[in-house]
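Novice: Chains A and B are the protein sequences, given in the same order. Position 115 of the first sequence, counted from 1, bears residue number 115 in the numbering used here, the numbering being contiguous throughout. Position 190 of the second sequence, counted from 1, bears residue number 190 in the numbering used here, the numbering being contiguous throughout.
Hints are not guaranteed to be accurate.
To spell it out: a stretch of chain B is covered by chain A in this simulated footprint if at least three of its residues, at any positions, have a beta carbon under 8 angstroms from a beta carbon of chain A; those stretches are [stated by the list, open to error]: (1) 17 to 30; (2) 44 to 53; (3) 60 to 73; (4) 133 to 143; (5) 160 to 172.
Source of the hints: derived by calculation from the structure; they are not laboratory data. Note that the structure is a prediction, hence the values are computed from the model and not measured. Note that the Cβ used here is the ideal one computed from N, Cα and C, for glycine as well.
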Amino acid sequence: MSDITRSTGTQLVKRGLAEMLKGGVVMDVVDPEQARIAEDAGAVAVMALERVPSDIRRDGGVARMSDPEMIEGIKAAVTIPVMAKARIGHFAEAQILQALGVDYVDESEVLTPADEAHHIDKWAFDVPFVCGATNLGEALRRISEGACLIRSKGEAGTGNIVEAVRHLRSIMGDIGRITKADSAELFDWAKRLQSSLSLVQEIAETGELPVPMFCAGGIATPADASLVMQLGAQSVFVGSGIFKSDDPAPRARAIVEATTNFTDPVILGKVSRGLGAAMPGLEIDTLETRLADRGW
Amino acid sequence: MKVGVLALQGAFARHAAVLTDVGAAPIEVRTPEHLSGVDALVMPGGESTTMSMLLDIAELRQPLVERLARGLPVFGTCAGMILLASAVADGRSDQESLAAIDMDVRRNGYGRQIDSFEADIDVGGGLPDWDTPFHGVFIRAPVVERVGDGVEVLARVDDNPVLCRQGHVMVASFHPELTDDRRIHELFVETA
């Protein structure tokens with residue numbers, strides 16, 4: 001019997017789980033039955049929440065962490081990782097989610113923010129966090145706070161991919177420009193991005209974010225998944241896009257296949273056939289609340 | 001030597017980068033045609049349920065079973081190990097195994113993400129270059145609960161094997177692609 005010292009809750013094991021989720025689809029589910037459909041369709045993880053973003057948008061009011069009983073039910077229903085959302089800045093909700101044993105906490109703009117100035121200090125947790133970002137500065141501030149996975153925000157609950165594309169292009173574009181900047185310009189980049197110089201220097205060296213970056217907000221079709229993967233996302237989160245469509249199971253599976261084969265238009269054409277109606281979409285200009293504006 | 005990396009889902013890009021580092025030419029494998037062009041294969045970590053489903057959709061399972069039967073050198077980490085094992089506990093009832101190595105594994109046997117850990121492990125088996133421990137990263141890792149007589153156990157955590165090989169099949173329950181130590185990939189490429 002060997003005597004081995006184990007370290008838990010380290011950056012390596014937190015970021016490591018995000019590495020394992022790459023090239024996959026994380027699906028929003030509201031009950032154990034949906035969780036099983038998601039797992040059957042090949043989801044790499046499920047996001048347990050009480051209402052999908054399009055319903056949160058429709059209902060209005062304050063959106064909070066889900067009932068622990070509901071999260072437990074979903075944990076018991078599937079073998080894949082289970083994520084759950086806490087409100088921005090609501091570290092008590094995050095503490096509860098950690099105690100429940102969820103595998104990833106999403107500090108999410110889809111819920112109503114609890115703090116107008118502070119995000120959660122994510123270094124204080126053993127459970128890893130994913131956070132949304134609309135631009136590179138926001139992503140780096142979340143990483144400074146301890147986020148181990150970034151998702152471009154898009155505009156959740158709209159079925160409209162345009163905001164996701166805007167955010168991905170902004171993040172990837174700035175990463176590309178930083179890799180071409182000289183060492184003196186990096187100081188200015190850090191100032192403009194309101195980010196630490198060391199993170200900017202790291203990006204200049206590696207040409208990528210220090211943590212994986214996935215895409216969320218508005219993905220409704222296999223082609224949407226391919227689009228954002230080709231723009232640099234490493235996995236996709238699909239919220240309302242699956243269970244607000246006509247026939248969720250085949251659509252979920254098609255989006256999984258599209259994410260694996262995102263560069264192959266022949267396969268994409270094959271999996272896009274006969275899926276029934278996608279979720280109803282919303283024009284961004286008509287929205288009362290822009291969820292992506294939450295957080296800073 | 002052309003080393004394929006099964007690229008259906010998971011940490012395949014990390015494995016490909018390490019393989020390049022150790023002088024192998026990595027090829028991403030997503031189709032039967034890709035598979036037929038490789039001399040060895042790495043099956044990465046990720047979600048084994050997802051990968052298992054995608055193996056069927058891509059019509060890769062049967063050609064893979066045939067190549068394995070003909071001695072294709074293969075290295076499976078974490079989910080890759082689960083797919084290669086002869087029996088899987090706590091998996092899905094429909095999860096089909098490739099049965100390429102004589103061992104039983106329990107999915108997520110070390111617990112959920114909160115129990116994921118890193119630890120220095122001693123690698124034995126009289127291999128050269130193994131006088132210092134290997135830093136293992138275990139992510140929702142599977143536990144090896146039984147190995148057959150033909151399986152060589154190269155490392156253990158407590159009582160459970162974590163690095164094993166049997167003939168042309170090598171498996172690890174941890175993730176050597178997430179650290180800078182190249183010895184395990186070198187071992188695989190050398191023996192393949």
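Novice: Now tell me if each hint is right for this structure.
Specialist: Checked hints:
no.: 1; hint: 17 to 30; in the structure: violated (count 1)
no.: 2; hint: 44 to 53; in the structure: holds (count 6)
no.: 3; hint: 60 to 73; in the structure: violated (count 0)
no.: 4; hint: 133 to 143; in the structure: holds (count 4)
no.: 5; hint: 160 to 172; in the structure: violated (count 0)
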